[in-house]
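The listed protein sequences derive, respectively, from chains E and B. Using my numbering, you'd call the opening residue of the first sequence number 1 and step up by one each time. Using my numbering, you'd call the opening residue of the second sequence number 1 and step up by one each time.
If you're looking for bench data, these hints aren't it; they were derived computationally from the structure. Wrong hints could be hidden among the right ones.
Unchecked claim - Using 27 angstroms as the maximum straight-line C-alpha spacing, the simulated DSSO-like pairs for lysine-lysine come out as follows: (1) E:K19 to E:K156; (2) B:K2 to E:K289; (3) B:K2 to E:K220.
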Amino acid sequence: MLTFILCVLGLRLFLSLAKYAWSIVMRIGHPRLASVQQDFSLEPTVSILLPCFNEGPDVYNSIRTILECDYPVDKFQVIATDDRSRDDSWEWLQKAAADFPGRVVARRNPKNMGKSRTLIGASHVSNSSIIVVIDSDCIFAKDTIRQLVSCFADPKMGIVGGTVGIRNPNTNSLTQVQTYVYFLAFDLWKTYENWTKSVTCVGGYLLAIRRHLFEQIEPKILTRNWFGVEVVEGEDRYITHHALLLGYDTYVNTKARCWTNAPDKYPQFFKQQYRWRKSGVRDLFLTYKLLWSHLGTVHPNGVYCSTIAPLTLLTFTLGIFIAPHFDPLFFLHPITVIISMAIGAVLHMVVSKHFPDQKIANPLTFAFFGFWWIINSFYLTVLSLLTLDFSDWGSRTKKRVKRPGQQL
Amino acid sequence: MKLENIRPAINSSVLLLYRVFAIVSLYAVLAGVLVFGLGSAFYAGSKTWVAPVILSQSDKDTLDLIGKTLTTQDTVDDLKLDIGKLENTVTEARSHKANLEKILPAIETAIDQENQHKGQTGPVLADLDKQKTADVTSTESALAQSADVDANIDKELAAGLITKGDATQAKLSFVKSSGDLTDSKIATTLLKDTIWAKTLSSTTYLDTLHKQAELKSEIACLGIVLDTAQKQIVTEKNQVVKLDQALKTAKQTPLWAATQGARTNVALVPYENQAVANQGAPVYDCYLSFVACRQVGVIKATFVGEQHTTHPIFKTDLRGFLVQLELTDPDSAKSKTLFVGSKPLLF
Chain E
1 MLTFILCVLG
11 LRLFLSLAKY
21 AWSIVMRIGH
31 PRLASVQQDF
41 SLEPTVSILL
51 PCFNEGPDVY
61 NSIRTILECD
71 YPVDKFQVIA
81 TDDRSRDDSW
91 EWLQKAAADF
101 PGRVVARRNP
111 KNMGKSRTLI
121 GASHVSNSSI
131 IVVIDSDCIF
141 AKDTIRQLVS
151 CFADPKMGIV
161 GGTVGIRNPN
171 TNSLTQVQTY
181 VYFLAFDLWK
191 TYENWTKSVT
201 CVGGYLLAIR
211 RHLFEQIEPK
221 ILTRNWFGVE
231 VVEGEDRYIT
241 HHALLLGYDT
251 YVNTKARCWT
261 NAPDKYPQFF
271 KQQYRWRKSG
281 VRDLFLTYKL
291 LWSHLGTVHP
301 NGVYCSTIAP
311 LTLLTFTLGI
321 FIAPHFDPLF
331 FLHPITVIIS
341 MAIGAVLHMV
351 VSKHFPDQKI
361 ANPLTFAFFG
371 FWWIINSFYL
381 TVLSLLTLDF
391 SDWGSRTKKR
401 VKRPGQQL
Chain B
1 MKLENIRPAI
11 NSSVLLLYRV
21 FAIVSLYAVL
31 AGVLVFGLGS
41 AFYAGSKTWV
51 APVILSQSDK
61 DTLDLIGKTL
71 TTQDTVDDLK
81 LDIGKLENTV
91 TEARSHKANL
101 EKILPAIETA
111 IDQENQHKGQ
121 TGPVLADLDK
131 QKTADVTSTE
141 SALAQSADVD
151 ANIDKELAAG
161 LITKGDATQA
171 KLSFVKSSGD
181 LTDSKIATTL
191 LKDTIWAKTL
201 SSTTYLDTLH
211 KQAELKSEIA
221 CLGIVLDTAQ
231 KQIVTEKNQV
241 VKLDQALKTA
251 KQTPLWAATQ
261 GARTNVALVP
271 YENQAVANQG
281 APVYDCYLSF
291 VACRQVGVIK
301 ATFVGEQHTT
311 HPIFKTDLRG
321 FLVQLELTDP
331 DSAKSKTLFV
341 GSKPLLF
């Protein structure tokens with residue numbers, strides 16, 4: 001048993017290292033292979049769908065920065081939908097609609113419906129050929145929309161995403177760690193999947209999709225359930241996965257950039273990681289349920305990323321479970337610490353060089369990532385596996401705030 | 001019946017099972033994490049726990065001890081035999097040396113006396129040799145002057161001047177004188193030999209000196225042999241003492257008791273917990289690691305000498321010493337940890 005787990009962990013480590021190494025090689029040595037032909041003259045109509053739940057004033061900033069994008073004003077609009085926030089988000093949406101008349105549609109769900117249904121409801125309001133989904137706490141670079149849309153020159157391109165950076169990298173050790181994690185997960189790792197245009201998860205913080213493709217997938221989103229219990233989160237991965245199954249390419253344009261506030265409090269961070277992990281675990285079940293549909297449709301690289309990588313992650317979780325039996329202090333082993341520090345040093349150099357706005361003040365905090373990684377793999381994976389019958393807005397959920405004159 | 005009709009029922013059943021399983025599993029994981037965390041914290045701070053070890057004849061350590069003990073005992077026996085041989089050698093060499101040392105002064109005295117005698121007689125003989133040589137020369141000269149005596153005797157006999165008897169007497173006297181001269185020459189030559197022997201180093205003298213040198217060398221060699229043998233005896237005796245002590249110590253350990261076939265209950269006391277490990281101290285075993293404890297015996301004996309084992313909780317290398325346990329409940333020896341002195345949490 002132990003030998004089997006060690007073999008799988010070794011394989012996992014080898015594949016991960018190979019994946020990152022390959023990403024770097026592709027990024028530096030063959031940038032063309034890892035990119036698509038872009039046509040910046042393309043100017044289709046674009047609807048920015050902004051689902052909002054308990055974001056407060058951040059949602060206004062998001063709307064403002066997306067509206068400042070360098071794209072014909074008459075060809076894009078923001079459809080912002082409040083999912084019955086318990087704070088003043090709705091007021092901020094109304095303010096945005098008032099401040100940018102004709103460019104922002106402010107909507108409010110009749111009841112809390114979750115992100116997926118909020119998006120679908122918003123898509124019904126728009127009639128643009130391209131739908132862009134964004135997170136309500138992000139700010140955007142001026143060329144974000146143009147960078148996304150230009151990639152649709154290829155008719156096979158179904159979904160295009162962007163990369164997300166951290167707005168608050170040096171708030172505390174938690175945000176410092178996340179700066180590296182975001183770079184790995186949303187930038188570097190995507191290069192590996194970009195190579196074959198089979199990105200398995202285009203993040204919901206910035207996701208552009210052809211309208212007809214979205215409409216094709218919409219019924220599946222609406223009927224998503226876990227033995228009868230509706231699933232309302234992880235729609236970004238789900239949409240991407242189905243786009244691949246329908247034979248479309250998926251791609252992350254690393255030049256389309258936005259920035260978000262990383263959670264700076266542990267409960268918030270925990271909920272975010274939990275939501276992400278659960279999304280991945282759900283996707284694993286979907287993958288194995290539809291395994292035969294993948295073969296011949298999805299690029300082998302995409303199949304690998306959807307099947308083998310999560311499976312080895314689960315095995316790794318099992319390894320974490322049994323490791324204390326053999327060596328309870330394994331996470332304090334010098335090799336573990338040295339590897340964490342070495343990875344941290346490399347990441348610090350790369351991030352500092354290419355993203356100076358996200359330079360970390362104290363790179364040694366990356367050692368903390370090693371501990372979080374173990375806890376994350378150990379507990380969140382298990383928690384995700386055992387709570388698939390439950391879903392909500394995750395990190396944005398908060399207690400109802402009583403306002404003057406308002407009944408709770 | 002269509003599948004779609006019964007799907008809600010199937011979903012509800014699966015969901016119910018899933019939720020029950022999930023709740024049980026999550027609480028189990030939580031409990032596991034809590035127990036692990038609390039246990040780690042407890043054992044990191046506790047100063048009363050010991051790690052029980054059951055020793056038996058077939059243990060690797062026990063078998064090792066048997067092998068090492070036998071080897072050590074063989075070495076001791078060999079050393080003792082060697083010491084006996086060396087002591088005999090010393091006795092014999094000492095006796096032989098004493099005998100030789102007795103001969104050496106006699107030889108030296110003889111040589112001295114002989115040299116002294118030579119010093120006295122040599123010059124005298126040299127003087128006598130000179131005189132003798134002068135006498136011989138004189139005699140030769142006298143005989144040379146009487147070379148025609150024989151003819152004159154014959155003439156006088158023929159002339160009848162002397163009788164035949166007188167003539168014969170005269171001739172015999174002459175011959176005798178010649179013989180005496182020859183004897184004197186021989187004596188002179190022998191005297192020279194004697195003088196040479198008394199004044200110069202003869203081969204006999206050199207032989208004597210050689211024997212004297214050989215004797216001295218042999219005595220010196222015997223001295224070296226004796227010295228070496230005595231030192232070796234001291235060294236080997238020290239070795240024997242040390243090995244005997246080691247054997248004695250080994251035979252006092254619980255491992256030795258295990259080699260004799262008895263199941264021996266011992267426990268490794270980490271150095272940081274040594275304050276509680278006293279002979280007669282009560283030993284406690286707990287039903288739930290360190291909760292719900294009862295007394296199961298006492299410490300029977302403590303043993304010196306460092307021992308290593310694996311930390312029962314952290315799986316790291318653990319250093320300490322062994323104590324022998326006298327258990328009323330032998331099964332307690334199978335527990336992961338025991339506590340000495342008092343119950344770890346007072347219950």
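Each hint, compared with the structure:
Taken as a hint, the K19 of chain E and K156 of chain E pair is honoured in the structure, with Cα atoms around 25 angstroms apart against an allowance of 27 angstroms. With a CA separation close to 22 angstroms, the supplied pair K2 of chain B and K289 of chain E stays within the 27 angstroms bound. Between the alpha carbons of K2 of chain B and K220 of chain E the distance comes to roughly 22 angstroms, so the proposed pair stays at or under 27 angstroms and holds.
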